[in-house]
Amino acid sequence: MSIHITINGKAQQLDVDPEMPLLWLLRDVLGLTGTKYGCGQALCGACTVHLDGQVIRSCCTPARRADGRSLTTIEGLSPDGSHPLQRAWVEQAVPQCGYCQAGQIMTAAALLARRPKPSDAEIDQSLAGNLCRCGTYTRIRAAIRKAAGIDP
Amino acid sequence: MRARLETALLGARPLASALLSPLLASALLAGLLGAAGCQTPRAQNSATAPPVPLPVVPERELRAPDAFAVYSERAERSRALFGEASRVLLHARCVNCHPSGDVPLQRQGLLHDPPVLRGPDDRGVVGMECTSCHQDQNLELARVPGAPNWHLAPLSMAWAGRDARSVCEQIKDPARNGGKSLPQIVDHAQHDALVAWGWGPGSEREPAPGSQAQFGALVAAWVETGAECPAPGSVPTVPLGGVPALQRPRTESP
Numbered sequence: 000m001s002i003h004i005t006i007n008g009k010a011q012q013l014d015v016d017p018e019m020p021l022l023w024l025l026r027d028v029l030g031l032t033g034t035k036y037g038c039g040q041a042l043c044g045a046c047t048v049h050l051d052g053q054v055i056r057s058c059c060t061p062a063r064r065a066d067g068r069s070l071t072t073i074e075g076l077s078p079d080g081s082h083p084l085q086r087a088w089v090e091q092a093v094p095q096c097g098y099c100q101a102g103q104i105m106t107a108a109a110l111l112a113r114r115p116k117p118s119d120a121e122i123d124q125s126l127a128g129n130l131c132r133c134g135t136y137t138r139i140r141a142a143i144r145k146a147a148g149i150d151p
Numbered sequence: 000m001r002a003r004l005e006t007a008l009l010g011a012r013p014l015a016s017a018l019l020s021p022l023l024a025s026a027l028l029a030g031l032l033g034a035a036g037c038q039t040p041r042a043q044n045s046a047t048a049p050p051v052p053l054p055v056v057p058e059r060e061l062r063a064p065d066a067f068a069v070y071s072e073r074a075e076r077s078r079a080l081f082g083e084a085s086r087v088l089l090h091a092r093c094v095n096c097h098p099s100g101d102v103p104l105q106r107q108g109l110l111h112d113p114p115v116l117r118g119p120d121d122r123g124v125v126g127m128e129c130t131s132c133h134q135d136q137n138l139e140l141a142r143v144p145g146a147p148n149w150h151l152a153p154l155s156m157a158w159a160g161r162d163a164r165s166v167c168e169q170i171k172d173p174a175r176n177g178g179k180s181l182p183q184i185v186d187h188a189q190h191d192a193l194v195a196w197g198w199g200p201g202s203e204r205e206p207a208p209g210s211q212a213q214f215g216a217l218v219a220a221w222v223e224t225g226a227e228c229p230a231p232g233s234v235p236t237v238p239l240g241g242v243p244a245l246q247r248p249r250t251e252s253p
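Protein chains in written order, with numbering that gives the first Met the number 0: chain A, 0 to 151; chain B, 0 to 253.
Quick caveat, the hints were computed from the structure, so don't treat them as lab data.
Watch out, some of these pointers could steer you wrong.
[What the hints assert, rightly or not] Distance condition first, Cα-Cα at most 25 Å in a straight line; then the derived SDA-like pairs of lysine to any residue:
#1 B:K171 / B:P52
#2 A:K9 / A:Y36
#3 A:K116 / B:R117
#4 A:K116 / A:G67
#5 A:K116 / B:D121
#6 A:K9 / A:L111
#7 A:K9 / A:P61
#8 A:K116 / B:A230
#9 B:K179 / B:G201
#10 B:K179 / B:R164
#11 A:K116 / A:A147
#12 B:K171 / B:E203
#13 B:K171 / B:L154
#14 B:K179 / B:A230
#15 A:K116 / B:A195
#16 A:K116 / B:D120
#17 A:K145 / A:G67
#18 B:K171 / B:P231
#19 A:K9 / A:G80
#20 A:K116 / B:P114
#21 A:K116 / B:G118
#22 B:K179 / B:A152
#23 B:K171 / B:H150
#24 B:K179 / B:P119
#25 B:K171 / B:D121
#26 A:K116 / B:D101
#27 A:K116 / B:L116
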């Protein structure tokens with residue numbers, strides 16, 4: 000079965016099993032390895048991408064759901080790493096090991112797209128599904144606030 | 000973050016009562032049904048017992064509408080039919096997505112994990128939408144349940160912690176049932192794909208009793224007999240050993 004997905008702005012025709020999780024398609028078929036495999040059960044958020052702007056866990060989303068739709072991964076968030084969140088992430092030195100950070104940034108980007116000035120409670124609620132085993136939560140929140148232009 | 004959400008929830012609904020309620024309801028049922036055996040549906044409501052005992056059915060099965068013909072009085076038959084249907088409505092597979100607060104439940108009335116919130120449209124908050132994880136069908140490889148239009152029932156349709164009468168009144172009220180007529184309620188019970196998930200929940204989840212067809216037949220028979228509601232504080236006609244999830248007698252107004 001051919002599946003048509005616009006991935007990071009580029010239209011692609013893919014001949015894959017329609018039940019293949021999008022994460023496998025991204026990493027193994029297309030080589031877009033910025034999106035990570037964490038738990039494989041939609042419990043950790045490491046595999047977060049955007050489907051038509053909505054956060055989804057790619058490890059649990061069959062490829063057929065993306066047919067005819069637009070998918071954005073961390074590689075497509077900005078052409079050169081200049082998204083306000085990516086800049087804030089660097090300035091705040093957010094990552095420790097870094098494994099969860101692509102997912103954290105993708106969820107944060109979806110939040111800011113809908114809530115340009117989120118409260119701390121809204122940040123916590125929206126990122127509650129993105130786990131960081133290094134415990135960088137305070138820096139993640141600070142970077143989101145910085146990207147949103149909220150005073151520290 | 001997680002602790003804060005749970006703390007907020009504890010303030011929003013009586014979690015301890017909700018979790019204890021199955022035990023209380025089981026004890027209540029044992030007391031009500033134990034003396035007379037499980038053939039007497041005294042627990043159904045304050046109506047008189049039928050002249051002939053209702054058939055005993057296993058915990059995971061439903062009685063057919065015909066079984067309630069033993070009630071000669073139409074209104075009593077209608078109340079008893081709803082009591083039987085409420086064994087589905089008050090089952091964890093149904094109640095978990097009809098929470099009384101802002102957090103859905105899972106398994107046998109536990110809080111949803113990961114921590115998610117109802118959100119403005121009963122479909123989660125940005126970044127944690129229901130369909131961020133749930134698909135249009137069960138995903139066995141990850142044990143994530145799914146069905147078309149996966150979302151929470153609005154607060155006006157909360158069933159967790161309610162009794163059969165309270166749920167009955169809500170279902171009949173167009174202001175709280177999505178503007179549905181009784182025939183539309185029957186159609187919803189018989190054919191809705193999200194309702195159907197209750198009997199095909201996947202993984203190790205316990206399905207609702209009976210089948211959607213049997214449940215739909217009970218709801219149709221309930222409507223045909225006048226759509227009467229059981230008495231306040233009534234509990235479903237569950238055989239001994241049955242567990243009416245989150246069921247407890249009403250002691251205060253909703």
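Evaluation of the provided hints:
1. Taking the CA atoms of K171 (chain B) and P52 (chain B), the gap is near 28 Å; set against the 25 Å cutoff, the hint is violated.
2. At roughly 23 Å between alpha-carbon atoms, K9 (chain A) and Y36 (chain A) fall within 25 Å of each other, so this suggested pair holds.
3. Distance check on the hinted pair: K116 (chain A) and R117 (chain B) sit about 21 Å apart at the alpha-carbon level, within 25 Å; holds.
4. The suggested pairing of K116 (chain A) with G67 (chain A) is violated, with an alpha-carbon distance near 32 Å, which exceeds 25 Å.
5. In summary, the hint linking K116 (chain A) to D121 (chain B) is supported, as the alpha carbons are separated by about 22 Å, within the 25 Å threshold.
6. Between the alpha carbons of K9 (chain A) and L111 (chain A) the distance comes to roughly 24 Å, so the proposed pair stays at or under 25 Å and holds.
7. Using a Cα cut-off of 25 Å, the hinted pair K9 (chain A) and P61 (chain A) holds, with the two alpha carbons roughly 20 Å apart.
8. For a cut-off of 25 Å, the pair hint linking K116 (chain A) to A230 (chain B) is broken: about 50 Å separates their Cα positions.
9. A hinted pair counts as satisfied when its Cα atoms are at most 25 Å apart, and K179 (chain B) with G201 (chain B) does not qualify at roughly 29 Å.
10. A distance of roughly 18 Å separates the Cα atoms of K179 (chain B) and R164 (chain B); the hinted pair therefore holds under the 25 Å criterion.
11. A hinted pair counts as satisfied when its Cα atoms are at most 25 Å apart, and K116 (chain A) with A147 (chain A) qualifies at roughly 6 Å.
12. At most 25 Å may separate the alpha-carbon atoms for a hinted pair to count; K171 (chain B) and E203 (chain B) exceed this at roughly 33 Å.
13. For a cut-off of 25 Å, the pair hint linking K171 (chain B) to L154 (chain B) stands: about 16 Å separates their Cα positions.
14. For the hint pairing K179 (chain B) with A230 (chain B), the CA-to-CA distance comes to about 23 Å; that is within 25 Å, so the pair holds.
15. Straight-line distance between C-alpha atoms of K116 (chain A) and A195 (chain B) comes to about 40 Å, which puts the hinted pair past the 25 Å bound.
16. A distance of roughly 20 Å separates the Cα atoms of K116 (chain A) and D120 (chain B); the hinted pair therefore holds under the 25 Å criterion.
17. As the CA atoms of K145 (chain A) and G67 (chain A) are separated by approximately 35 Å, the hinted pair breaks the 25 Å bound.
18. In summary, the hint linking K171 (chain B) to P231 (chain B) is supported, as the alpha carbons are separated by about 15 Å, within the 25 Å threshold.
19. Between K9 (chain A) and G80 (chain A), the direct Cα distance comes to roughly 18 Å. Compliance with the 25 Å bound is thereby established for this hinted pair.
20. Note on K116 (chain A) and P114 (chain B): the hinted pairing holds, with a Cα-Cα distance of about 22 Å set against a maximum of 25 Å.
21. A threshold of 25 Å between alpha carbons decides the hint, and for K116 (chain A) with G118 (chain B) the separation of about 17 Å falls inside it, so the pair holds.
22. Straight-line distance between C-alpha atoms of K179 (chain B) and A152 (chain B) comes to about 14 Å, which keeps the hinted pair within the 25 Å bound.
23. Taken as a hint, the K171 (chain B) and H150 (chain B) pair is honoured in the structure, with Cα atoms around 21 Å apart against an allowance of 25 Å.
24. Pair hint K179 (chain B) plus P119 (chain B) holds up; C-alpha atoms about 22 Å apart against a cutoff of 25 Å.
25. Between the alpha carbons of K171 (chain B) and D121 (chain B) the distance comes to roughly 21 Å, so the proposed pair stays at or under 25 Å and holds.
26. For the proposed pair K116 (chain A) and D101 (chain B), the alpha carbon gap of about 23 Å is at most 25 Å, so the pair holds.
27. Between K116 (chain A) and L116 (chain B) the alpha-carbon distance is near 19 Å, which keeps this suggested pair within the 25 Å criterion.
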